[in-house]
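From first to last, the protein sequence lines are chains A and B.
First residue of the first sequence: 44, per the working numbering; consecutive thereafter.
First residue of the second sequence: 44, per the working numbering; consecutive thereafter.
It is possible that some hints are incorrect.
Where chains are identical, the list cannot tell them apart; a pair therefore holds if satisfied intra-copy or between any two copies.
[What the hints assert, rightly or not] Result set (DSS-like, lysine-lysine): computed pairs, CA atoms no more than 30 Å apart in a straight line:
#1 Lys399 with Lys332
#2 Lys85 with Lys332
#3 Lys332 with Lys81
#4 Lys420 with Lys179
#5 Lys376 with Lys417
#6 Lys376 with Lys174
#7 Lys420 with Lys171
#8 Lys369 with Lys420
#9 Lys412 with Lys85
#10 Lys466 with Lys85
#11 Lys255 with Lys466
#12 Lys81 with Lys459
#13 Lys278 with Lys85
#14 Lys412 with Lys179
Hints were generated in silico from the structure; no laboratory data involved.
Protein chains: 2
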Amino acid sequence: MEMLSCHLNRDTDLPLYEQLYIYIKNEITEGRLEYGSKLPSKRKLADFLNISQNTVETAYDQLIAEGYVESLPRKGYFVMASGDLEYVQAADVPPNHELHEEKQSTIRYNFHPSWVDTENFPFAQWRKYAKNTIDKQNHSLLLLGDAQGEFALRQEISNYLYHARGMQCSPEAIIVGAGVEVLLQQLLLLFNKDTIYGVEDPGYHLISRILKSFPNDVYPLEVDDEGIQVEPIEKANPDVVYVTPSHHFPYGTVLSVNRRTQLLNWAAEQESRYIIEDDYDSEFRYTGKSIPSLKSMDQAGKVIYLGSFSKSLIPSLRISYMVLPKPLLKRYKRELAFYHSSVSRIDQHILAQFMKEGDFERHLNRMRKIYRRKLEKISELVKPYEETVSIIGERSGLHIVLSVNNGMCEDELVQKATAAGIKVYPLSGYSLGKNYENPPKIILGFAGVPEEELPTAITNLLEVWVPVTPRNLSKTEQ
Amino acid sequence: MEMLSCHLNRDTDLPLYEQLYIYIKNEITEGRLEYGSKLPSKRKLADFLNISQNTVETAYDQLIAEGYVESLPRKGYFVMASGDLEYVQAADVPPNHELHEEKQSTIRYNFHPSWVDTENFPFAQWRKYAKNTIDKQNHSLLLLGDAQGEFALRQEISNYLYHARGMQCSPEAIIVGAGVEVLLQQLLLLFNKDTIYGVEDPGYHLISRILKSFPNDVYPLEVDDEGIQVEPIEKANPDVVYVTPSHHFPYGTVLSVNRRTQLLNWAAEQESRYIIEDDYDSEFRYTGKSIPSLKSMDQAGKVIYLGSFSKSLIPSLRISYMVLPKPLLKRYKRELAFYHSSVSRIDQHILAQFMKEGDFERHLNRMRKIYRRKLEKISELVKPYEETVSIIGERSGLHIVLSVNNGMCEDELVQKATAAGIKVYPLSGYSLGKNYENPPKIILGFAGVPEEELPTAITNLLEVWVPVTPRNLSKTEQ
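Chain A extracted, bound-state conformation (with noise of 0.2 Å):
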């Protein structure tokens, strides 16, 4: 055993303990002091380096919580590690420019569907219900709460369900979740690793895109005017049939109630059977009542209920939550319920008192006059252009399909919007096919566009598509 002659510097912050632990974690990884060696004790090591006992205790403890060195009682400290143990940083850091997504748009218009409006979110209540909820007496809330989604929500959703969607379902069949997304993670892991998924094609492409990063079968299943075709259902024979009946993402189109009735039929033949209704934003309807849900016509106990507060309220908060028939909410409670819930304690709560206190319902009114305005005014402005472009599902929803017959490809009519600042997504982006219709189609997400800037973003756009044609020119000389 040899000594260690380490100096120490006192004139920097480095404590000399940790100094020391570097010193000999060195001598190790380079080879200098080599397993089995033995480490001079404490106390000699101290009265060599004139430290204390206790800064080379510190040192060596370091050394064996971290596997270099280790206590033998009564025969001292040994060297556990052999050289060639260099740390070095991690290989995995890309150059920023590598990978870091230029974030440089000239997009002025974004007619994104997922897009909502943002200008009139009550801010002034949500933040008096955060500045509620985050408060030392609610401390208990900082733990992990009940993993389907705290019960004061749970309870909220489910009169909300009953009010707005005729729907009785008692909170302990309602999951909550941190989106869409999170909640089929779950849902499909309660299915047989066999089942057959059918989608709405075109439809909503994040669904499919979800169920194909899984090793499941995924068929496109044909859509007319009168919804999903139930027929080809029966012959493709599918497990489970992803549908948005009250309002067709992204044709606008509602299932006909005979076609609820086949489809419903259908699901009650095989045990196996499930339809999950995805009911993304039945709350924006501008004409009439709402469109009941499936769910409420769903006798057998087929229907998977998926409702979010992504387009009611807004995306980013990331709460959507799903409502289980009983076989199925008692194979997530022996199999599932070991997760924890994925969203916040903290905003659940906020959530429920913004419903309890009928702020959310106050907000759905007031959003439905506003994007009522927006649709009406687009209606408008597209009318002079009505010989070729027309407006398919306007009534409802938060977004619209323009058929453009202008002689333009799809790809044509992205590229002229793009050009001119002006963001519109083609309808083969939400087909499992990539089909292509003819005329072909644009969807226009208007939620997000402010309604003052609707008139320069939709003539802008339809400039662009339909060069001015003699009715307009007719109109401009008059």
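Given the structure of chain A, go ahead and fit chain B onto it with the hints provided.
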């Protein structure tokens, strides 16, 4: 075509159009209006019922929207649905008593390993940042953000990892998610479906359960006092190994530097091999420096680093993150970037501010002292019982393991404690193979029990396990 003899009640809140709509819908679903039959024209029905044409139109439009009725141009309105379509309430509402668990509890002290100290959370600071963030000027935060998480937060995490964990990782390699479960579910999608996983046994049981809910094979891997053993890994030959190197859960062992090197070398041998490092509570080390992360030694880019704010801040916040090595990051960006972030953007910005302003560091320093005191108090209280009860892993983290050699089996230990109002957790619950150790071991998460309650809680616990011993007796008599 008959006229519709609908009785309209003008003395109710229900709008006339809705009464008419309900009447016609019932006529259809109850079979009195048959499929294909023609409805009266709007004008005729309006005259007959002495209401405005507008009212009839609204009712008809709703029936059309729901698919009960079809409007044929120049022909009129026709019933499109057949009878027996009655709406029924969903059948899946379980009576409250059946599924709603009894929440009655006689537990006074809960030593759950996931609990943290909730009394010293900086509510005022958090509320301040929440107030700053929930503001109209941040209205763009309401829309969906970066799928990997807000850049501002990832930058703070990257800084933290550099200073606290010796890791150089760029914000681009970090993915923020709503808890380790959500992140793991994404991560698993990046591996092949026949990937075999290895987990520490005993270990963090949640991981094993998540892995087991996927169809992949999961091998339990033995742990000794240097951490996970590498030879069995080489034999069992899994592809991906899950470890807690800085502080093994639940034993508290630090993976020795030799084992670290072996493990990293094992992973480097094959492209498909990866190590998942769960660094769940490395913030809380009460003597010496923190243990370097395995990731900081990772030359070959084989370590996936998992971090969380569940221990360092609060578990109910649901913010965790992972750092992906380059090949996995590329795969993530290619295949999974369409998943939306699972964490509220507002929450991400609150946390980013909390970190940026130094509050996170202050909180950690404060909590380190509080937890250290709690740990010291427990050691002190256990000391008189040391012949029967010994503490394993007392250097760090928020839990310890008690090895209890009083002749009772694990179940008895837990039951006796529960009967005394004290909830403790058996080690076998954290073993994939439900292995029972001898002497039996109990996990004690001490973070959530207030400091002033520890003496009573621990003394009560020890007294039900170890009836008064001669030594205690002699002390009492003194």
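Against the structure, the hints come out as follows:
| no. | hint | result |
| --- | --- | --- |
| 1 | Lys399 with Lys332 | within (23 Å within a copy, 49 Å between copies) |
| 2 | Lys85 with Lys332 | between (83 Å within a copy, 19 Å between copies) |
| 3 | Lys332 with Lys81 | between (84 Å within a copy, 23 Å between copies) |
| 4 | Lys420 with Lys179 | between (48 Å within a copy, 25 Å between copies) |
| 5 | Lys376 with Lys417 | neither (44 Å within a copy, 35 Å between copies) |
| 6 | Lys376 with Lys174 | neither (33 Å within a copy, 37 Å between copies) |
| 7 | Lys420 with Lys171 | neither (34 Å within a copy, 40 Å between copies) |
| 8 | Lys369 with Lys420 | neither (45 Å within a copy, 48 Å between copies) |
| 9 | Lys412 with Lys85 | between (78 Å within a copy, 27 Å between copies) |
| 10 | Lys466 with Lys85 | neither (70 Å within a copy, 42 Å between copies) |
| 11 | Lys255 with Lys466 | within (27 Å within a copy, 43 Å between copies) |
| 12 | Lys81 with Lys459 | neither (76 Å within a copy, 47 Å between copies) |
| 13 | Lys278 with Lys85 | neither (81 Å within a copy, 40 Å between copies) |
| 14 | Lys412 with Lys179 | between (39 Å within a copy, 20 Å between copies) |
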